Amino acid sequence: DSGVTQTPKHLITATGQRVTLRCSPRSGDLSVYWYQQSLDQGLQFLIQYYNGEERAKGNILERFSAQQFPDLHSELNLSSLELGDSALYFCASSLKTGRLSGANVLTFGAGSRLTVL
Amino acid sequence: QQQVKQSPQSLIVQKGGISIINCAYENTAFDYFPWYQQFPGKGPALLIAIRPDVSEKKEGRFTISFNKSAKQFSLHIMDSQPGDSATYFCAASSGGGADGLTFGKGTHLIIQP
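As given, the protein sequences belong to chains C and X, one line each in that order.
Quick note on numbering: my numbering labels position 81 of the first sequence as 81, and the sequence is numbered without any gaps.
Quick note on numbering: my numbering labels position 81 of the second sequence as 81, and the sequence is numbered without any gaps.
Note that these hints are calculated values from the structure, not bench results.
For clarity, every value in this text was computed on a predicted model and none was experimentally measured.
Heads up, some of the hints might be wrong.
[Stated by the list, open to error] Pair by pair, the computed Cβ-Cβ distance ranges are:
(1) SER94(X) <-> GLN17(C): 33 to 41 Å
(2) ASP79(X) <-> GLY58(C): 34 to 42 Å
(3) SER94(X) <-> GLU62(C): 45 to 53 Å
(4) PRO113(X) <-> ARG63(C): 25 to 33 Å
Using N, Cα and C, we set each Cβ at its ideal position, and we do this for glycine too.
Chain X with its partners taken away, still in its complex shape (with noise of 0.2 Å):
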């Protein structure tokens, strides 16, 4: 059963764009949704994290969105950039913070020059 549904897979975006990756959760007791960017040949790194008692939360050209009726959250880069080229991956969990991360499967953003 995954837990974390990620969408797209892939995405190509032109630079200057906004790259729209989306999440989608079942289960309620997820309190903490980190999001992860890899490069390749490194490990994941966080890039920013959304508590659900916000509905937004905004990272210089980074923003989370949530929506917690519909248990989906969103990561928004605007103003896409080459170096921005990565693969994403959203989590969850319950408790609060790092233990018991489910990822999504990941998708892998190519911007575009």
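Pulled out of the complex, with its shape left as it was, chain C reads as follows (with noise of 0.2 Å):
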């Protein structure tokens, strides 16, 4: 268990549908990433945020949205869902951010997939 806690594992929905993918952060992390792993695009980053404010933004969809709550927790909203969409989502977090840490490691949950039929 890496301390990263994502819900729900799996998730089916029908193309136009709107879903919120959850992440518990580890204990103690401030930073909160979002990747998207698909088969032909590797592991792609959406989005960062640190102790709620947004850090840095990657190839992230308008479609798609997030943010970071008070109590660090994070959530990635994805609305107007497409086939292409279907993949696994995952969250990340690590303590600091930047050159704050000599060795600042992202540690990652074990995903939500989502499948857009």
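If you follow the hints, you should be able to join the two separate chains into one complex; please do so.
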């Protein structure tokens, strides 16, 4: 167990629907990252939050949004779902951000597998 | 634009052999190069990492070799074991750590008994 908790583990939904994926970071970690993993694109960085504030954005679609709450858990919202959104969505956490720590390790959760039919 | 190119896509090695996975990067601002290991049903986990001030880092059977001039780095797994069968990702970032990690597409490694 990495200490990063993601729910749900599996989710099947239809095109056009909206889903929310939840992540609880490892205890003490302030930064949360969301990644999308698909067979053809590998691990794609979506977005990062640090202590409640958006820190960096990657290849996140406008249909997707995220937030980090005061208790540091994070949610990734995916709307107007398309078949191509089917993927594994990983949350990762780290203690700090940037050069504040010499070894800023990313700890990943087990992922949420989204299937859009 | 793929900033970190990883090869091979899949690799089969006999038990006891050496597994070698290669990565090449384009962004000269990258200064942190980790390797992650992922087992089926699990998230990636940090295996070993290197910074460009050294050319090699060894942890047990795992070694990273780094060639700054060629903008390449590789993972060597010595005495490969069936338990090493997993998907391996190289990654790179600038700014010293986990922020903005760009991952390679992964190598599916199978160690045959």
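CB of SER94(X) to CB of GLN17(C), is that within 33 to 41 Å? holds (37 Å)
A range of 34 to 42 Å was offered for this pair. Does it hold for the Cβ distance of ASP79(X) and GLY58(C)? holds (37 Å)
State, for the Cβ atoms of PRO113(X) and ARG63(C), whether the hinted interval 25 to 33 Å holds or is violated. At roughly 46 Å between Cβ atoms, ARG63(C) and PRO113(X) fall outside 25 to 33 Å, so the hint is violated.
Can you let me know if the beta-carbon spacing of SER94(X) and GLU62(C) is within 45 to 53 Å? violated (26 Å)
Hint compliance for this structure: hints 3, 4 are not met, and every other hint is.
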